[in-house]
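> Sequence:
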Amino acid sequence: MAVRGSGRGPEGVPGRRVAVAAGPSERTRGELPVIGKQGRVTGTVGPGLVGEVMVRVRGGAEAFLAYAAEPGERIERGTVVVIMEYQPPRTVYVTAAYG
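Residue 72 in full-length UniProt numbering sits at position 72 of the sequence shown; the count goes up by one each step and never skips.
None of these hints come from the bench; they were simulated from the model. Check the hints yourself; a few may be wrong.
As the list claims (entries may be wrong) - Simulated crosslink set (EDC-like; lysine to aspartate or glutamate; CA at most 20 Å straight-line):
{"hint": "1", "residue 1": "K37", "residue 2": "E70"}
{"hint": "2", "residue 1": "K37", "residue 2": "E85"}
{"hint": "3", "residue 1": "K37", "residue 2": "E76"}
{"hint": "4", "residue 1": "K37", "residue 2": "E62"}
{"hint": "5", "residue 1": "K37", "residue 2": "E52"}
Said to hold, decoys possible - Simulated DEER-style distance windows between Cβ atoms:
{"hint": "6", "residue 1": "G59", "residue 2": "G99", "range": "28 to 36 Å"}
{"hint": "7", "residue 1": "G99", "residue 2": "R58", "range": "28 to 36 Å"}
{"hint": "8", "residue 1": "G43", "residue 2": "E85", "range": "12 to 20 Å"}
{"hint": "9", "residue 1": "Q38", "residue 2": "R74", "range": "13 to 21 Å"}
{"hint": "10", "residue 1": "P89", "residue 2": "G59", "range": "16 to 24 Å"}
{"hint": "11", "residue 1": "P88", "residue 2": "A61", "range": "24 to 32 Å"}
{"hint": "12", "residue 1": "K37", "residue 2": "E70", "range": "26 to 34 Å"}
{"hint": "13", "residue 1": "R56", "residue 2": "P88", "range": "23 to 31 Å"}
{"hint": "14", "residue 1": "G59", "residue 2": "I35", "range": "27 to 35 Å"}
{"hint": "15", "residue 1": "R56", "residue 2": "E85", "range": "16 to 24 Å"}
Cβ coordinates follow ideal geometry from the N, Cα and C atoms, glycine included.
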């Protein structure tokens, strides 16, 4: 929590300090805990393609742009994947979870 104000009101009159919850600009950015999580491919991932993966984060499911972690790998829709790398704000590198 950040504390705003100098303790003085207008013209140097004693005022009050106000505690304000940190906004997005004051928190660490790009730190979604998605590395190691599983997701499901909703748009084919492969060479020359930008795929899409749905991942459960923050109490819901969110879509991320997805690339294959292994060059040349093709991952079809419906495949369960593991996130190997995350690049803010919405890009992940994935590999198939099973097989």
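> Could you tell me which of the numbered hints above are not met by this structure, giving the numbers in increasing order?
Violated hints: 11, 12, 13 and 14; rest satisfied.
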